[in-house]
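S.K.: This is what each chain is made of:
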Amino acid sequence: MNKHLIIDSAKCTGCGLCELACAINKTGQCQTYLARIKIWQEETRGFFVPMTCQQCDNPPCASACLMNVISKDPVTGLTIRRLEGCIACRACQLACPFEGCSYDYLQEVLVNCDHCEGNPECVKYCPTGALRYISTAESMDLERSAEAGRRCGLAGLVKGDRR
Amino acid sequence: MKGEKNMSKSKGYAGQILEVNLSNQDSRYKELATEFCRDYLGGIGFNARIICDEMPAGIEALSPENILVFGVGTMVGSTFPTASRTEVSAKSPLTGLFGTSNSGMFFGTQLKNAGFDALVIKGKAEKPVYLFIEDGEISVCDATRLWGKDSWDTLDILKKQYPGAEVALIGPAGENLVRFACIENGYYDAWARTGLGAVMGSKNLKAIVVRGTQGITPHNVEELIKVSWKARKLIETSPFFKPFQSYGSMNAAMPYGSFKALNANNFSQGCLSDWKENFARPKVEELTHGHIACQSCIIACAHWVEIKEGKYQGLRMKDMEVTPTVSFGSGCGMSLEATVKAAEMGQRYGMDMVSVAGVMAMAIELFDRGIINQEDVGYDLAFGDDDAIFRLMDDIAHRQGLGAVLAEGTMRAAEQFAGGEASAMHVKGLEMPMIDPRGRWSTWTLGILTNIRGGDHLRCRNPIENLRFNENKYDFQKERFGYDQKMYDALDMPDELKAQAIDLETDTVDIAIMSRWAEDLINLFNSVGVCIRPPVEHRIGPTILAEAYTAFTGIKISPIELMQSAERAWNLIKLFNLREGEQPEDSKFPHRFYEQTVGGKMLDEAKVQEVLQQYYQARGWDMLTGKPGEEKLQELGLCNLT
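Chains as they are written, first to last, in my numbering: chain A, 291 to 453; chain B, 225 to 866.
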């Protein structure tokens with residue numbers, strides 16, 4: 291994998307344009323429920339955290355999948371799905387710690403972020419630079435670990451509210 | 225399973241209006257007709273038509289006959305930048321005229337995704353209830369356990385019960401029928417002006433919880449994406465964009481202070497002597513961090529505020545919006561930190577901050593004048609005495625002691641005191657916003673007089689207002705333009721009208737003509753659900769909105785027709801106001817503005833009247849009475865209301 295989708299939640303204003311951009315480009319619908327990126331918000335503390343598939347090396351969604359449709363693409367390193375085999379049981383959604391699997395009710399399958407073939411729409415739309423698409427070398431800095439820490443903390447300790 | 229598919233056949237619009245009668249818990253669904261969409265667009269347009277069609281004349285605003293309408297802007301839920309706004313309207317208990325207010329965040333998006341472009345609430349529930357609307361279905365639920373709770377406590381409960389939902393609700397002020405109670409939009413936003421919270425309270429309706437997963441189908445996805453990017457680039461290249469992105473609406477606080485055009489101590493001073501140091505930008509920025517956006521907004525003008533030390537340590541909320549900050553800070557002479565506390569109380573109790581600050585400023589002035597005293601209030605009142613002001617606010621929300629009188633609003637409360645009228649700063653019953661027209665006379669300030677909802681500053685603003693200049697050599701007729709040809713060209717306005725409104729040779733803007741345009745433009749924004757922040761108002765106009773509207777809904781409309789739809793709604797609301805008893809002489813500022821100077825300036829009544837007449841003329845209304853003329857009504861396809 292040469293490039294990563296990096297999220298800096300400190301810059302997120304919660305506008306939801308990433309969700310809309312994802313939904314409209316993937317499904318032609320204006321409905322953030324269909325997006326593969328979701329903003330978690332801690333409304334009474336004034337912060338927002340976009341959550342999407344982290345493209346884990348050893349993804350728990352793949353282990354959880356009953357139909358064995360989730361795998362790692364050997365070339366791109368992305369977590370990919372064979373959608374025709376999906377029975378929409380949502381085991382992957384339960385297994386993912388990052389809210390990385392979304393239910394697409396139009397196709398009746400579970401989906402995850404595919405980096406839009408190397409040109410993520412959400413990154414283009416983000417008005418503040420909270421979302422960036424950068425090389426592995428760039429992303430392997432402290433900033434990334436700090437962000438992961440913040441998000442794990444949010445997922446575990448704070449009861450966030452997903453819009 | 226929820227949200228299996230989008231049931232609606234219409235594009236862009238959700239396609240349905242939901243009508244609930246709380247008296248018999250009956251609900252009805254109405255399909256949207258294409259002509260209705262084209263003629264009234266959405267948002268305030270829908271609200272105006274529905275209210276004018278269905279509300280009998282002369283009803284009492286706090287009676288079950290009043291109709292409360294939530295109209296979602298057409299573009300809401302789309303990628304169009306800043307499309308998030310929902311308009312709420314009813315007959316106002318404060319003014320007796322058309323009451324209406326606009327708010328953003330995510331409520332409208334959810335209502336549309338739940339399947340509805342508008343929600344119409346009629347009747348009155350027997351006991352406290354709340355509505356839960358989800359994916360085309362509505363239930364009326366018991367709210368006895370929520371009644372009496374402040375809005376934040378209520379939200380904690382409802383948000384836990386309905387994860388991911390958006391909530392519109394009232395606080396204790398709305399329950400107690402305080403005439404300027406607002407409808408809260410989540411924790412930190414509100415449909416604040418004109419007392420719509422009291423209307424909700426009078427219907428025994430505590431909250432409206434909305435959640436939707438149905439989705440909105442654009443007519444032409446590619447075209448919508450294209451026009452959204454075009455609009456975004458336009459907004460981002462406006463010179464107003466960067467300042468608003470970094471400092472939000474507080475940008476206006478200092479210039480208006482230096483013009484001596486603020487509501488200092490109930491419009492008595494123009495600007496407080498220590499304003500510049502107490503409300504200086506570095507001081508404000510010290511308390512704020514992070515920016516918060518509404519749905520699809522690229523500006524994110526709102527701030528997150530945390531007070532780390534002092535008396536109000538630990539307070540944290542979304543604030544430092546210019547309206548509450550200046551209303552309390554300048555109007556009641558409070559400290560910067562205290563305005564945050566006041567805003568918190570305003571949110572919890574659910575009161576319009578402009579109105580509550582206005583009525584309290586009047587009470588303090590009456591106290592200073594010796595018209596009311598310690599015995600009447602129960603404690604001493606003084607400008608800048610934070611604790612007394614908070615106590616008074618609490619009394620108003622709960623209608624205790626003098627609070628019961630003040631809860632009736634400035635106009636009604638002033639009648640209770642001999643000589644009270646001289647301190648009552650309102651237009652048509654709605655408390656004046658924080659700008660003093662004596663300090664700066666402009667399109668914005670004439671708009672306070674011509675506003676269809678009374679003394680308010682949000683329905684008319686010159687899209688290219690220049691805050692560097694404040695010249696009063698134009699005899700109330702004009703304001704200085706002060707920009708170059710490039711700014712002139714960037715304004716999306718029909719060429720002929722633009723040439724009439726802006727004279728580049730003399731570098732002036734004609735206030736009457738620009739007011740009419742600005743009002744229609746803002747009414748258009750409130751119909752399609754776009755924000756009125758200066759970078760948007762400067763660059764977004766009917767041309768691009770017509771493109772966006774057609775791409776999203778598939779309904780063909782020209783820029784001229786689009787402006788006409790906005791103008792139609794404005795005229796319709798004016799007809800409603802006339803039917804409800806608005807008189808020509810009501811369009812007048814408080815006496816003080818014509819009799820006392822501030823910073824050496826005051827208004828000339830005859831000249832202001834003259835500009836007002838020019839405005840009526842520009843609108844095609846009768847020059848003396850301000851009634852929409854037959855010709856204008858015919859042009860818009862309207863007829864007089866009976």
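No lab work stands behind these hints: they were computed from the structure. Wrong hints could be hidden among the right ones.
[Stated by the list, open to error] Here are the simulated lysine-lysine pairs, PhoX-like style, with alpha carbons at most 25 angstroms apart: (1) B:K348 <-> A:K414; (2) A:K316 <-> B:K457; (3) B:K532 <-> B:K507; (4) A:K414 <-> B:K831; (5) B:K697 <-> B:K812; (6) B:K697 <-> B:K457; (7) B:K484 <-> B:K831; (8) A:K414 <-> B:K466; (9) B:K812 <-> B:K780; (10) B:K780 <-> B:K454; (11) B:K466 <-> B:K235; (12) B:K348 <-> B:K254; (13) B:K484 <-> B:K697; (14) A:K301 <-> B:K373; (15) B:K507 <-> A:K301; (16) A:K293 <-> A:K362; (17) B:K450 <-> B:K500; (18) B:K373 <-> B:K383; (19) B:K346 <-> B:K254; (20) B:K507 <-> B:K484; (21) B:K812 <-> B:K484; (22) B:K466 <-> A:K301; (23) A:K316 <-> B:K235; (24) B:K373 <-> B:K351; (25) B:K373 <-> B:K346; (26) B:K851 <-> B:K825; (27) A:K414 <-> A:K301; (28) B:K351 <-> A:K316; (29) B:K466 <-> B:K710; (30) A:K414 <-> B:K383; (31) A:K301 <-> B:K254; (32) B:K532 <-> B:K500; (33) B:K697 <-> B:K831; (34) A:K316 <-> B:K454; (35) B:K710 <-> B:K722; (36) A:K301 <-> B:K532; (37) B:K384 <-> B:K351; (38) B:K348 <-> B:K373.
S.K.: Are the hints correct? Go through all of them and say.
M.R.: Here's how the hints hold up against the structure:
1. B:K348 <-> A:K414: violated, 48 angstroms
2. A:K316 <-> B:K457: holds, 23 angstroms
3. B:K532 <-> B:K507: holds, 13 angstroms
4. A:K414 <-> B:K831: Answer violated: K414 (chain A) to K831 (chain B) is near 52 angstroms, above 25 angstroms.
5. B:K697 <-> B:K812: Status holds; Cα separation ~22 angstroms.
6. B:K697 <-> B:K457: violated, 37 angstroms
7. B:K484 <-> B:K831: holds, 21 angstroms
8. A:K414 <-> B:K466: Holds, at about 19 angstroms.
9. B:K812 <-> B:K780: violated, 41 angstroms
10. B:K780 <-> B:K454: OK: K780 (chain B) and K454 (chain B) at ~19 angstroms, within 25 angstroms.
11. B:K466 <-> B:K235: It is violated: about 34 angstroms lies between the C-alpha atoms, which goes past 25 angstroms.
12. B:K348 <-> B:K254: It holds: about 21 angstroms lies between the C-alpha atoms, which stays within 25 angstroms.
13. B:K484 <-> B:K697: With a Cα-Cα distance of about 17 angstroms, the restraint between K484 (chain B) and K697 (chain B) holds, given a limit of 25 angstroms.
14. A:K301 <-> B:K373: violated, 34 angstroms
15. B:K507 <-> A:K301: At roughly 22 angstroms apart (the allowed maximum being 25 angstroms), K301 (chain A) and K507 (chain B) satisfy the hint.
16. A:K293 <-> A:K362: Judged against 25 angstroms, a Cα distance of about 15 angstroms means the pair holds.
17. B:K450 <-> B:K500: Violated, at about 44 angstroms.
18. B:K373 <-> B:K383: holds, 14 angstroms
19. B:K346 <-> B:K254: holds, 15 angstroms
20. B:K507 <-> B:K484: holds, 20 angstroms
21. B:K812 <-> B:K484: Holds, at about 21 angstroms.
22. B:K466 <-> A:K301: Since the Cα atoms of K466 (chain B) and K301 (chain A) sit roughly 16 angstroms apart, the hinted pair holds (cutoff 25 angstroms).
23. A:K316 <-> B:K235: holds, 18 angstroms
24. B:K373 <-> B:K351: It holds: about 15 angstroms lies between the C-alpha atoms, which stays within 25 angstroms.
25. B:K373 <-> B:K346: holds, 24 angstroms
26. B:K851 <-> B:K825: Since the Cα atoms of K851 (chain B) and K825 (chain B) sit roughly 31 angstroms apart, the hinted pair is violated (cutoff 25 angstroms).
27. A:K414 <-> A:K301: holds, 15 angstroms
28. B:K351 <-> A:K316: With Cα atoms ~46 angstroms apart, K351 (chain B) and K316 (chain A) exceed 25 angstroms; violated.
29. B:K466 <-> B:K710: Holds, at roughly 18 angstroms.
30. A:K414 <-> B:K383: With Cα atoms ~31 angstroms apart, K414 (chain A) and K383 (chain B) exceed 25 angstroms; violated.
31. A:K301 <-> B:K254: Roughly 42 angstroms separates the two Cα atoms, so the pair is violated.
32. B:K532 <-> B:K500: holds, 22 angstroms
33. B:K697 <-> B:K831: holds, 13 angstroms
34. A:K316 <-> B:K454: holds, 21 angstroms
35. B:K710 <-> B:K722: holds, 14 angstroms
36. A:K301 <-> B:K532: holds, 21 angstroms
37. B:K384 <-> B:K351: Since the Cα atoms of K384 (chain B) and K351 (chain B) sit roughly 23 angstroms apart, the hinted pair holds (cutoff 25 angstroms).
38. B:K348 <-> B:K373: holds, 20 angstroms
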